[in-house]
Every structure is written in C-alpha cells, then in structure tokens.
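A.B. asks: Residue numbers (the UniProt record's numbering), protein chains in the order written: chain L, 1 to 102; chain X, 1 to 102; chain D, 1 to 102; chain F, 1 to 102.
No lab work stands behind these hints: they were computed from the structure. Keep in mind that a hint or two might mislead.
For identical chains, the list gives no copy identity; a pair is met inside one copy or between any two copies.
[As the list claims (entries may be wrong)] No more than 27 Å apart at the CA atoms, straight line, and that leaves these computed lysine-lysine pairs for DSSO-like:
1. Lys98 x Lys83
2. Lys84 x Lys98
3. Lys83 x Lys99
4. Lys84 x Lys99
5. Lys34 x Lys84
6. Lys83 x Lys34
7. Lys92 x Lys29
8. Lys84 x Lys29
9. Lys29 x Lys83
10. Lys34 x Lys92
There are 4 protein chains.
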Amino acid sequence: MSHENYQSIIETLHECMTTCNHCYDACLKEEHVKMMAQCIRLDRECADICAYLEQALGRGTPFVSELAQVCAEICEACGNECKKHSHDHCQKCAEECKKLVS
Amino acid sequence: MSHENYQSIIETLHECMTTCNHCYDACLKEEHVKMMAQCIRLDRECADICAYLEQALGRGTPFVSELAQVCAEICEACGNECKKHSHDHCQKCAEECKKLVS
Amino acid sequence: MSHENYQSIIETLHECMTTCNHCYDACLKEEHVKMMAQCIRLDRECADICAYLEQALGRGTPFVSELAQVCAEICEACGNECKKHSHDHCQKCAEECKKLVS
Amino acid sequence: MSHENYQSIIETLHECMTTCNHCYDACLKEEHVKMMAQCIRLDRECADICAYLEQALGRGTPFVSELAQVCAEICEACGNECKKHSHDHCQKCAEECKKLVS
Numbered sequence: 001m002s003h004e005n006y007q008s009i010i011e012t013l014h015e016c017m018t019t020c021n022h023c024y025d026a027c028l029k030e031e032h033v034k035m036m037a038q039c040i041r042l043d044r045e046c047a048d049i050c051a052y053l054e055q056a057l058g059r060g061t062p063f064v065s066e067l068a069q070v071c072a073e074i075c076e077a078c079g080n081e082c083k084k085h086s087h088d089h090c091q092k093c094a095e096e097c098k099k100l101v102s
Numbered sequence: 001m002s003h004e005n006y007q008s009i010i011e012t013l014h015e016c017m018t019t020c021n022h023c024y025d026a027c028l029k030e031e032h033v034k035m036m037a038q039c040i041r042l043d044r045e046c047a048d049i050c051a052y053l054e055q056a057l058g059r060g061t062p063f064v065s066e067l068a069q070v071c072a073e074i075c076e077a078c079g080n081e082c083k084k085h086s087h088d089h090c091q092k093c094a095e096e097c098k099k100l101v102s
Numbered sequence: 001m002s003h004e005n006y007q008s009i010i011e012t013l014h015e016c017m018t019t020c021n022h023c024y025d026a027c028l029k030e031e032h033v034k035m036m037a038q039c040i041r042l043d044r045e046c047a048d049i050c051a052y053l054e055q056a057l058g059r060g061t062p063f064v065s066e067l068a069q070v071c072a073e074i075c076e077a078c079g080n081e082c083k084k085h086s087h088d089h090c091q092k093c094a095e096e097c098k099k100l101v102s
Numbered sequence: 001m002s003h004e005n006y007q008s009i010i011e012t013l014h015e016c017m018t019t020c021n022h023c024y025d026a027c028l029k030e031e032h033v034k035m036m037a038q039c040i041r042l043d044r045e046c047a048d049i050c051a052y053l054e055q056a057l058g059r060g061t062p063f064v065s066e067l068a069q070v071c072a073e074i075c076e077a078c079g080n081e082c083k084k085h086s087h088d089h090c091q092k093c094a095e096e097c098k099k100l101v102s
C-alpha cells in the first residue's frame with residue numbers, strides 16, 4: 001500500500017492541520033486570549049498529530065491504525081473546544097476536526 | 001500576514017514533502033538499497049524540513065526567511081542526489097525539490 | 001501535573017530517540033543495507049514517536065495515555081526488529097526500546 | 001562524525017526544548033495570558049526548532065551549520081521575549097535560550 005491509497009485522508013489531515021494552525025495563530029491575536037487558552041493548546045496538539053500522521057502515511061508507516069485512532073481522539077477534543085467559541089476561525093476549525101473523528 | 005498569503009509556497013512544500021516521503025519509502029524497497037542510502041537519508045531530511053516549514057508558515061512564524069533559506073538548501077541537496085538515480089520516484093522527487101530552490 | 005512529574009519517562013524517551021536515530025544513521029552506513037531496510041524504517045518511526053511524546057509531555061498534553069500506548073507499540077516493533085541484528089547499534093537500540101514497552 | 005561528537009550541544013538543545021515547553025504550558029495557565037501571547041508563540045517556535053535540531057544531529061544530518069544558525073536566531077528571539085517577563089518560568093527559559101545563541 002502506497003501513499004496514493006491514502007490520498008483522501010492525507011488531504012483531510014492536511015486541511016485540518018492548516019486550519020488548526022491558523023486558529024492557533026488567530027487565537028493568540030484575539031482580544032481575550034485568556035478565554036482562548038485551551039483552544040490554543042488543543043489547536044497545537046491537533047495540528048501536530050495531523051502533521052505527524054500525514055507524514056507517517058506518506059512514508060508507509062506500519063502503524064496506521066494506532067496513529068489514526070490517537071489522531072481521531074485529539075481531533076475530537078480540539079473540535080469540541082473550538083465549537084464553543086464563536087470566532088470564524090474556531091468554527092471552521094471545529095468543522096475540519098469533525099471530519100477526522102471516526 | 002496570514003497563512004493565506006503563503007498558500008502557493010505551502011502547496012509546493014506539501015507536494016515536495018509528499019514526494020520525498022514516497023521516494024524514501026520506495027528506496028527502502030528497492031533491490032539495491034545500498035545505492036540508495038544517501039537518497040533515503042536526504043529524502044528524510046527534505047521531507048522533515050518541508051513539513052516543518054509548512055507548519056511554521058501556517059502558524060504565523062516570525063522566522064520565515066531564515067527557515068525558507070535552510071529549506072531551500074536541503075531541497076537542493078536532496079534534488080541533486082535524486083537526480084542521479086533513474087527510478088521514477090527519484091526523478092519525480094528531483095523535480096519537486098527543484099521548485100523550492102531559490 | 002507538570003513536566004517534572006514525567007521526568008523519568010521523558011529521560012527514557014529521550015534515550016530511546018537518541019539510540020534509534022544513531023541506529024538509523026549506522027544502518028545506512030552498513031555494508032549490507034538491504035538487510036537493514038526494515039530496521040532503518042522502524043528506527044525512524046520509533047525516534048519520531050519518542051520525540052513527539054517527549055515534547056507532548058513537556059508541554060502538558062492532555063493526551064498522555066493515548067500517545068504513550070502508541071509509543072509503546074512502536075517501540076515494541078522497533079525493538080523486535082533490532083534484536084534480530086547482531087550489530088552493536090541494533091542490540092543497544094533493542095534494549096532501549098524494551099524499556100518503553102508497557 | 002557521530003552523535004557522540006555533539007553530545008554537549010544535544011544536551012543543551014534538550015534542556016532548552018524542555019524549558020520552552022514548560023514555559024509555554026505555564027504561560028497558558030497565567031492570569032494575564034494576553035501579556036504572554038508573544039512568549040507562548042516564541043516558546044513553541046523555540047521548542048520545535050530545538051527538538052528538530054536535536055533529532056537531526058542524532059541522525060547524522062549533513063546540514064548541521066545551516067540548522068544551527070536558524071536555531072540560534074530563534075533562541076535569541078525567544079530569550080529576548082522571555083527576559084521581559086518576571087515569571088520564574090520565563091526567566092529560566094531566557095537563560096536556557098541564551099546558551100544556544102552563538
């Protein structure tokens with residue numbers, strides 16, 4: 001199985017990573033950063049695991065299911081946190097995270 | 001400046017990372033792995049720095065030019081090594097790397 | 001809970017990452033690289049997940065148990081592969097990996 | 001040149017990464033998070049590049065000087081930001097960062 005077989009999941013991971021990093025960046029610029037502290041933290045966790053899994057899939061890792069399960073749990077937590085905040089970047093992030101929850 | 005502004009470079013980095021990881025994976029499966037040792041090594045270096053820069057751009061890093069310069073140097077070295085090998089995955093990798101050499 | 005609480009596991013992860021990266025580097029320089037292909041692949045997987053978990057612990061990730069479980073599985077696979085090879089770097093790597101298998 | 005040759009720098013990088021991640025975690029828990037936004041951002045940048053360079057040295061990267069230069073610049077920026085804040089975690093972080101500035 002090569003990286004082509006995972007093309008769809010790789011694209012979703014990539015979009016989620018991008019959105020989480022953007023949300024992280026935007027949260028740090030918000031007026032009320034304190035309210036966003038957990039969002040900042042989970043955005044980073046989520047971006048990092050999505051980036052990790054994306055790279056791992058691309059290099060033919062034998063640990064797809066183990067890593068995908070962790071990634072889904074982190075995406076779920078991040079999405080749940082983002083959903084609480086009305087900022088566009090948070091709402092968009094919640095949507096992207098949801099796509100990776102199994 | 002937000003992640004939208006870097007959309008084009010982010011996509012190129014992403015494509016390069018994907019191609020390097022695929023080349024790494026394919027090189028490890030080649031009949032003559034020994035000949036591919038330097039290619040395996042540089043594919044990893046290049047995939048890692050492209051992934052790093054892509055994430056950094058996405059989170060609004062203040063160190064764009066410094067990181068982009070290192071990335072260009074690693075892409076150049078990886079592309080030069082890949083170019084030496086006739087495998088399709090190496091030739092494709094050489095092409096992608098070249099796009100990131102300034 | 002802060003990073004001090006995980007000091008012992010962090011040190012073990014760090015030692016394992018270092019040993020895996022050294023084994024990866026040494027395997028790529030071996031005379032018979034082809035025999036080492038799976039070792040090279042798993043050394044990278046293992047170094048990457050150990051580095052990831054180490055950083056995650058250090059930044060107070062809420063996903064300790066999920067990540068630790070994946071890490072243990074990858075360490076086990078890497079240790080099992082390394083154990084097959086008589087090179088000193090492989091045997092040392094097998095030992096370090098074993099310390100992280102739950 | 002193997003990973004033993006870089007043992008001292010690897011340990012300094014490791015200590016800096018740990019301290020930056022701890023400072024990042026602690027800043028997110030501070031009462032006045034807004035004041036710490038730039039510190040949070042730079043702690044992450046600095047932890048990530050230190051972790052990256054540490055791994056790269058461990059696997060015999062051919063790009064030591066290029067990566068070390070970027071790392072020194074990011075450490076300098078992070079240390080300068082941390083120095084402005086009186087929290088213990090910031091002051092300790094400033095000290096560690098300074099050790100990596102060439």
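A.B. asks: Determine which of the earlier numbered hints do not hold for this structure and return their numbers in increasing order.
C.D. replies: none
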